[in-house]
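A.B. asks: With the hints as your guide, set chains H and A onto chain L.
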Amino acid sequence: MEYTLYILILPLLSFIVLGLMDTKWKPRVAGTIGTAVLTIVTALSYYTAWEYFSTANLNGTYQKIIAFNTVWVQFNEYLHIDMGILLDPISVMMLVVISTVSLMVHIYSLAYMKGERGFERYYAFLSLFSFAMLGLVVSTNIFQMYIFGEMVGLSSYLLIGFYYTKPEAVAASKKAFIVTRFADLGFLIGILILSYYTKTFDFGILTSCDANVFASFSGVTFMGASALSWAMALIFIGGAGKSAMFPLHIWLPDAMEGPTPVSALIHAATMVVAGVFLVARLFPIYITFTPEVLHGIAYVGAFTSLFAAVIAIVQTDIKRVLAFSTISQIGFMMVALGVSGYGGQAGTGYMASMFHLFTHAMFKALLFLGAGSIIHAVHSNEMTQMGSLKKFLPVTRWTFLIACLAIAGIPPFSGFFSKDEILAATMHFSPGLGVMMTFTAGVTAFYMFRLYYRIFHGKAYQTTNGHTPHESPVAMTLPLVFLAVVTIFAGFIPFGKFVSSDGAFYHIHIDPTIATISVVVALAGIGLATWLYRRENDVPSVVARKFSKIYRAAYHRFYIDELYLFITKKIIFKRISTPVAWFDRHIIDGTMNGLASVTQWTSLKTKGFQSGKVQHYAYVILLGTLIIAAIVIFI
Amino acid sequence: MGAIFDNFGSGVIPLEGYIFISLIMFFTGIYGFLSRKSLLMILISIEMILNSADINFAAFNRYLYPDQMEGFFFALFTIAISACETAVAIAIVINIYRNLNNVEVDSLQELQEPESTETKTEI
Amino acid sequence: MMIKEIIFYILALVITVFSIMAVNSRRLIRSATYLLFVLLATAGLYLLLDYHYLFAVQVAVYAGGIMVLFIFAILLTQKPGKNIRPEPLLQRVMAILLSSAGLIFCGIIIYQSVNRVYHYVEKVEIPVKEIGSTLMGTGKYEYILPFEAISIMLLACIVGAIMIARKR
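Residue numbers (this note's numbering), protein chains in the order written: chain L, 4 to 638; chain H, -10 to 112; chain A, 10 to 177.
Hints may contain errors.
[To be verified] In silico DSSO-like pairs for lysine-lysine, Cα to Cα no more than 30 Å straight-line:
(1) L:Lys572 with L:Lys177
(2) L:Lys393 with H:Lys26
(3) A:Lys176 with L:Lys616
(4) L:Lys616 with H:Lys26
(5) L:Lys393 with L:Lys500
(6) A:Lys176 with H:Lys26
(7) L:Lys67 with L:Lys577
(8) A:Lys132 with A:Lys149
(9) L:Lys29 with L:Lys117
(10) L:Lys552 with L:Lys462
(11) L:Lys177 with L:Lys117
(12) A:Lys88 with L:Lys616
(13) L:Lys577 with L:Lys169
(14) L:Lys573 with L:Lys177
(15) A:Lys88 with H:Lys26
(16) L:Lys394 with L:Lys117
(17) L:Lys67 with H:Lys26
Bear in mind the hints are in silico, worked out from the structure with no lab data behind them. These numbers come from a predicted model, not from an experiment.
The shape of chain L in the complex, shown without the other chains:
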């Protein structure tokens, strides 16, 4: 399956060409090229998926196929960094997800970004991102994944800061870059520890969980935990940074400063699930050697999920609501991975996590693109400036509603199936955690429908800029409709047939009790939202006033950003950086400047010796001769 290489090469070429040509070409040409390339990539991805799932099946288990591999950097006979393409169920699934969403975003952006300055640059960055993300999921080894992860972070940075004349966008891009880079430091250290002991980067060897490979870990401990636990925990930190897990989630809401299609692609569907994908990729190691780390991941995911959901209730910027919703849903995926076992029915969580990743990518991209369509019509992100938009934006409204139902977990929409599996796995692992996740699902339903009602129902729309909102052009509605269709029917894909923890077939069966409970909870959430926001009334403000402290805390995202600012500004900057900077300015620079000025002073003073006056020279020569003679003779 050598042709899979083109899935990577084509976006890279597109990036290079578009980046080099920049404004030489008309925006339309650049957009067309980018979209055309992505269409080919999508077709190739689908073909790869079809061929893989139809041929790689051996005795009911999917094999890993190395479609392409080349040694890139050779350290010694064991340790080398490769560049290659690994095809297995999850990477093929990710190929499909990424290329689909990316293609949709490319098409959508043709209309959404029309007339923007830097349109060509935008498409070049999109191509770069597609290349990096596709390269990340097909990595054959952990170092390749790291490299592509950095490239993903870079393109995310570039795209968040696309409106680089806006100070908020620049600040947000820096924040995203620094936070994810900080997390990637943990990732890198984890990789180094892991590869130091196992002497390999290769996923094939690592995930085989061969006891010989991990033998040198035995007995190595650090601060009460084994070195392997540390390595896996540090690698998870890298994943947590990318996937915006608490407390590294702070960059994702701010990343909404970027163009909305970018949010849909990077900050909802693909990049943010890189952490989930990373954990899933290394899942055999987690489950075999360090289940405690895996359980830690589950608790982090659960907390993040609930935390983000609570914040999402009170946000008024529609993109921020979606951002927190994304954090919450990724928390679901992490929980599912964390509670999963290996193989057979025990691997429900793993399958559910991947399934949710798939469906979430579709409906969250749909939500974001819908939000983009709304913003396109209203020219505002604020909920307070919207209301009763249903008659102006019928297509957007219906697709948005479908996505909301999906994320709330209402059958038969796709979100129901995946979330139900997650809840089942969690309940199986720990009832307490299961109840918590079910409650979070209810909250999810509540805030999504709050969002829906505040946008499309409620108070009448009051135009602020004098023109009535109108439905978006076809290039924008077409992706919405396509994703809505996928969202409706994706739940019926027999996902367990394709992706499972051990590659064997897994038969999804829905636990009626859990399903009923989750649907009831979701309906309760929706009902509450309907009661509060369907028609304009003053109940929400009364409730908000009653719980004003919690409301304000949640509105300010529980002051996590302020905490970070306090730690960085007040403690690190003030107590450490300022003295260090002072030291650098005054001592280091002072020494250097001092050397320079002493040199200058000396040269200024000695310049007079080169006077060009013969008598001075003669004087000095004679004096020197006398002194030397005196020294030689008398001493």
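C.D. replies: Same frame as chain L, but now just chains H and A:
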């Protein structure tokens, strides 16, 4: 110095006498070289310096190696060379006088970098 | 032999006094004249040393040739009757300090280190024939090579002096 006075009037001139004379002449020449500004005065000082060296050559030859003639010939050659040097130097002085209308050594600073504003590098 | 000694001290006095006057005079033409006295006294010293040929050369080349050149140069470059501006005091003081330091330094060394050599070997003057054959000879202690070098240099000096001094 006592020996000189002891032998005073004995008709014998010590070697040191010649050396001291040449020493005085030499440092007088040095003084003139260092203190005067006129090129011609400097040239006169140089002549004195060379001359003092000649005295030394001759005196050493006569007192220490009376059977040989090295000092004698060196003095001879030095006289010849100083003649050459003076001829060329005076030609140069005359040329300088034509160009600068004086013969002060301080006005000969053309070889030195001119102290103009653009070449002065104040960092 | 007392007369020789007297002559020597007279010459020494002449050299000392006139050399100091030569370098201190405000007028160039006087300096040149004092220099002439110094050179002639030096020639006298050669005579005392029984180097008659050297005496002749000294008188002919220095007193005759070089002094004429000096006087020509002075007359060409100086306006008559005009004194040279005095040099800065600092420069003169520094020069005096350095040259007296050197004088004292060398004097002490000579006084302490040079063995008193009094045995003056009486010899007849070197015959000019011998000088000539030594100058032209090619053997050991004979000076054809320096002689030729000097002669070429003299030629070069003549050409050079003309080249430099001629009017363009």
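A.B. asks: Now look at each hint and say whether the structure bears it out.
C.D. replies: To see whether the hints hold, each was checked on the structure:
1. L:Lys572 with L:Lys177: 15 Å, holds
2. L:Lys393 with H:Lys26: This hinted pair is violated, its Cα atoms lying about 104 Å apart.
3. A:Lys176 with L:Lys616: 27 Å, holds
4. L:Lys616 with H:Lys26: 11 Å, holds
5. L:Lys393 with L:Lys500: 39 Å, violated
6. A:Lys176 with H:Lys26: The hint holds at about 25 Å.
7. L:Lys67 with L:Lys577: 52 Å, violated
8. A:Lys132 with A:Lys149: 22 Å, holds
9. L:Lys29 with L:Lys117: This hinted pair holds, its Cα atoms lying about 12 Å apart.
10. L:Lys552 with L:Lys462: Distance ~26 Å between L:Lys552 and L:Lys462 Cα, so the pair holds.
11. L:Lys177 with L:Lys117: 26 Å, holds
12. A:Lys88 with L:Lys616: 25 Å, holds
13. L:Lys577 with L:Lys169: With a Cα-Cα distance of about 27 Å, the restraint between L:Lys577 and L:Lys169 holds, given a limit of 30 Å.
14. L:Lys573 with L:Lys177: 19 Å, holds
15. A:Lys88 with H:Lys26: Cα-Cα ~16 Å, so holds.
16. L:Lys394 with L:Lys117: 25 Å, holds
17. L:Lys67 with H:Lys26: Distance ~97 Å between L:Lys67 and H:Lys26 Cα, so the pair is violated.
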